[in-house]
Amino acid sequence: MLIIPCPDCGARDYTEFRYGGDANRSRPAHGGGSREDWHDHVFVFDNPKGPHREYWQHVLGCREWLLVERDTASNTVIAVHRARDREMAR
Amino acid sequence: MSRRPHRAPAGGRIDRSRIVTFTLEGRPLAGVAGDTLASALLANGISLVGRSFKYHRPRGFLGAGVEEPNGLFTVGRGARATPNLPGTLVELHEGLAASRQNGTPSVGFDLMAVNDLLSPLLGAGFYYKTFMGPLRGSWMFYERFIRRAAGLGVAPSGPDPDRYETRHAFADVLVVGAGPAGLAAARAAGEAGARVVLVEQDTLAGGGLLALSPEQPLERWREDALRALADLPEVQVLTRTTALGLYDGNTVALLGRSAHGEPDAAHGEAREWITTLRARAIVFATGAIERPLVFADNDRPGVMLASAAQAYRNRWAVSLGERVVLGTNNDSGWMTAAELARGGAELTLIEQRAAVTPALRAMAEEAGVRVHTGGLITRAIGSRAVRAAQFSTGSGRDVTLPCDLLCMSGGWSCSVHLGSHTGIKPVYRADIDSMVPGSLPEGQFAAGAANGTFSLAGAVREGVAAGQAAARHTGFGGARVQADAELPDTPYTVQPAVLPPPRRGKAFADFQSDVSTHDVQIAHEEGFVAVEHLKRYTALGMATDQGKTSNLNGMALMAAMRGQSPGGTTTFRPPWVPMSIGALAGRSTGQHFRPARRSPLHDWHVANGAVFTEAGPWLRPWYYRWAGDSPESAYLAEMHLVRETVGISDISSLGKIELHGPDVGEFLDRVYVNVFSSLAVGKARYGVMLNDDATVLDDGTCARLADTRWFLTTTTAQAGEVMSHLEFLLQTAWTDLRVQAVSVTDQYAGMSVAGPHSRKALELALPGHDVSDAALPHMGCLEITHEGVALKVLRLSFSGELAFEVYAPADRGIAVWEHILRAAAPLGIRPYGLEALASLRIEKGHVAGSMELDHRNTLDDLGLGRMASTRKAFIGQELRQRPGLQAPQRWSLVGLECLDPDKTLRGGAILFAAGDEIAGHGRGHITSVTWSVVLGKTIALGLYRGGLAHAGEEIICAYPLKGEQVRARIVSPVFIDPEGERLHA
Amino acid sequence: MLRPMSDSYSALALARHAITRSPWPAAWRKAEPRKGYDVVIVGGGGHGLATAYYLAANHGIRNVAVLERGYVGSGNVGRNTTLVRSNYQTDGNTQFFEFSLKLWEGLSHALNYNVMLSQRGQVVLAHGPGQLDSLARKGNTMLLNGIEAELLDRAQLMRLLPYLDYSPRARFPLYGGLLQRRAGTVRHDAVAWGYARAADRLGVDIIENCDVTGFVTEGGRVTGVRTSRGEISAGRTAISVAGHSSEVARLAGLRLPVESHLLQAFVTEPVKPLVDHVISFGAELFYISQSDRGGLVFGGHIDGFNSYTQRGQFPKVQTVAECAVALMPAISRLRILRHWGGIQDMTPDGSPFIGRTPVDNLYLNAGWCYQGFKATPATGWCFAHTLAQGEEHPLIRCFSLDRFHHGDGLDEYGLGNWTWKQ
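Chains A, D and R, in that order, are what the protein sequence lines are.
Residue numbers for the first sequence follow my numbering, beginning at 1 and rising by one.
Residue numbers for the second sequence follow my numbering, beginning at 1001 and rising by one.
Residue numbers for the third sequence follow my numbering, beginning at 2001 and rising by one.
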């Protein structure tokens, strides 16, 4: 069982979460970005075997979108942050 | 088959005073309490217990526990008949009905045994080399016979009458296996203060100790250990509980079984239950399994693992032979030989090694065991029961020794499976000729025989250490050290078994899969030498026992053929033992398979003649019996109701989201293709959201209830998606926007009052509130309180009629619904269901979820391109401009009118222009069809290349599944009231 | 280069070997890498081996190496649920998968290796009228493209598959289904072994335990590969490494529209014949068939997040078991013998990429999602054509790597552009 430590709710089974995909892709600014930028954002992935930054939403908990760093080769969770904290710190 | 009763008059862990009667293929037999099916059959002198998978060779029990490959039974009657259960694991209970498997017509007389004679043709991989001719499809002919011959038992034919459950549990320390190491580990961890769960697959705790006579002194140690555990309040000992698999996050799936496999249904007892246990630390004390020797006809009934013979003798008081030959390559074989000899058997030990320690020699001598060192068992003689053993002496002489039991002790294989399920490959240890756990991650420990430590004292020492380490890992340190004196510390040495190719007969590595040395030889010749190739090519280790006795022997055979030393490793996959599908499903069966979502108005519908249909997880009224007895007739009556007077329908399943904050307008401008920021308070607007890739995410309406308070609805299917989408944007991309989004789907009951008399209906229901066209124009909204109930009233229409949506607090939903029905009764108001709702919207040309909104279509495909604002940016805007999505040959929404009066249009028909060849993918397809009560003909919505540019053209709707071609005309998808006069009435 | 015909497999040869006890030759040579090849194929799975075979058989290009990191067939060709079918509705998919099924129908003979194609038919179930209309669209498209299909109503379904749950207990009632009689199963390992043996006999070098660690480039062109067994030069290089496409493409500086996900598969203990067809549940993604050995083989949805672990999550095991009992209540007492995970390369539209890449001389075959096994022969055929001609076979032009630039996705199932929802 992949277990994700939610910063709000504590360690929970992954089944409480909704996966949101690769968080390394940078979303072009709203109304900005070329078609190429949007193409890469939507369709192209690093897909590494190893540490992977990804989004998960705790849908059956606090509903917070989280930034999870997880090793895709072992499912070890390396770090978890609230996505909004990271975005606002930018 | 010998009929001599084999039960010793005394001894064993059985209760002779409680006779248990059972049947084998209908024949009544008796055992005693404490028996397994295997021990009871053996006590009754029944040693032929099955036929092998491929060659249908007669087989007896090889083992006494979880490793058993041969003795599989169908147990139970009727819908409870369960195939393929190893008799060694079936607890005997009163009335148990068992039958042996895989014999045609019976296990005693099996015509399929002819396969054994044909075996030179049927070696590993034979089917890849033949059955290809004479025709291309010939395999299908042969396959029928092969399928009939294959399989073991017969699956039940009806639903399972028993109950299952799934549970969740947590522990600081999980100890798997209650042998000496596990008992010691659980006690050490428990005394350190950790919450401990100790699981044991057997009915009793004790592991290897159970194969010792209960009269001997070590029984005291076992009892003391159990008593100590019982005194520790934080320690739970679960017998009849098997650890099936290890998963990420130190999660172990446990399978619990009710006693005797016969749940007490009257008390709601489950037959089996799955527990998902999350442990902070795990101790694997899973023991070891003895290996057979590989010699000719080593599969004859009466050839058995030495440890199994000892277990039958000491635990179940069944002595299986008076003249016993025991072949070994290790010290444990000597101890078993001595134990059996002390039990009264005449015992000859054939030891492969030329020399052993004086201590072993002395022990054997004292027990009266005759010993041949440097000898190798080469063959078992006998067909349905072993009669003699052939062995070659150290000097190369062949000797035949009559015997009635031939025991094999080929060394011990550590049970490393569980620890390797998460990808930690076991490693081979040459000194004990076994795999041991690889380097386990933090928080996982192995102890005892599972870890290659076979002496009792050593196992207990390791168990204590592992238990303490596990407790420490979870924050419980400083436990006192147990003093365990006087446990035997016998060393264990082994020499890898010599595996001579048989001169005649078949020598089996895998009994159930019928994999012999010859098959390994074929795999070797053909180059299938990698461990996984060997397994896949020969089926080694693929049987129901998962290779517990065969994997290492098979790999050793291959290594020997390749001239390599033993070693290598293989992947073990969960589960450790086969697990019932029913147990995994638990209570999620039948109507509980998936929770049904019910509207707050559900009970009213049930009481008032609604027939329900599934809409995703929702149960929604399909139609009401007032309108007809079949959906076909009822929905038309309901459509007439809405078109001519007034109806009411339940729309509670729509997703509902409240948005608050000063930036909601800006936010909605970004997520919808059209503009919302300019929406006045008290007004609503229809909007479409796109995904980043420009496909349509959802459509719905949003009303501005107050300056900073908005009420948004989504389609039923996309409610969750849209909510997460909005939250994602607010929490990641646009954290600067001051917007809060809250799902209120379950907070409100929703109802649509639709039809030319709908305003009158509301006037009757809501006296004192102004719902006139001036006060509540089309796309207007109001918040009112009526008789203490806060309501939202939105003038929106899906049907194309004058219509209102009323939202009431969920717990007042039925009251409001009934109030409207009562108040508007003079107008003839009635409820209408989903079928009518979906048909009314087709007449009006509204797109709907799953038919037109199928996640593939774009705004332009749906004919809604003009909605896209050019004044502001919206999600999907950029990728919408890709050439493929703007190409003229894209399809777009059209209406279709049937031109063949005696035919009908059908959903899923493929569209062609007149004159097209009716082949290929056509120009589009029909998405939705209904009978139009307004037009009096069949109409449809469809997607057609070029869309309304072809309006007026006659096309062909091909439905070759019914051999049908129907003519239709392309028209506007808005079949009724194109000017919207009804809406604005 | 051809071996003597005495190596041919047949009932007669089997009998001769049984009587004489003469050993069979190795199914394929344990080839040592040579300095260079006309074509180097990275990945010794079903697709790579099929590509090598058709290069040699159809195009006479025999100076070919297949490089396999582990053993032949160690990836997804030996981890799938063995289903083959051609019930597709999207223009491009329909023709490609039907071509593949036609190749399956002649494969045992072509390879002189019995891959046990068993066309027992597949039924996709519908639980309501809307779902049946969607299936009808697919069935009509199939018929219009010369592929057989039959739409079944509930009564026909009850006759064909009497063991499904038609009782009022069923949470999602059975409404009808779409039957393709030519669909069925193939013995998966035999596909890898049969292609390997046939390719080897045509001179292809199959090199196992050979890990590709990089690409050799010269002026922006790939001219060879670096491997754990030395550098090998190549006229053209093909990547065919399902489950690791992104990792290998990265070695050539490519980022792909691919994410790797874990799909679990299950097999029960063997029982006497129970399920003749392949059955696909309509309420959730779940499909079941019975192998010739008697085990029920089934699978469900991917675990739902990027993973290279080759082991699944337990809740998914339970979900799949729930589907099994919902569909066929009688199998509740049967037991799962093994379950395992394969790494599936998922794409934003559920369809693959085959053909040229932006790097000269480097060709890609990746992103097969759930479709990889059934596509094996056609992929091999068309990819070989592409490698031989330097230009895509017409049947795979729809599977181009840059199709999302143009907005030409092939979303067969309408699941949107999220790989983990596909």
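Please keep in mind that the hints were generated in silico from the structure rather than gathered at the bench.
Incorrect hints may have been included.
Said to hold, decoys possible - Coverage of chain A stretches by chain D, computed from C-beta distances (three or more under 8 Å per stretch; other residues unrestricted): (1) 44–51; (2) 78–87.
Unchecked claim - Distance ranges between label pairs, derived from CB positions: (3) ARG2034(R) / SER1383(D): 35 to 45 Å; (4) ASP1773(D) / GLU2148(R): 50 to 60 Å; (5) VAL1742(D) / GLY33(A): 45 to 55 Å; (6) ASP2153(R) / ALA1265(D): 51 to 61 Å; (7) ARG2226(R) / VAL80(A): 48 to 58 Å; (8) MET2158(R) / ALA1265(D): 25 to 35 Å; (9) GLU1442(D) / ARG2021(R): 51 to 61 Å; (10) ALA1230(D) / ARG2154(R): 50 to 60 Å; (11) GLY50(A) / ASP1916(D): 45 to 55 Å.
Positions of the beta carbon are idealized from the N, C-alpha and C atoms, including for glycine.
Numbers of the earlier hints that this structure fails to satisfy, in rising order: 1, 3, 5, 6, 7
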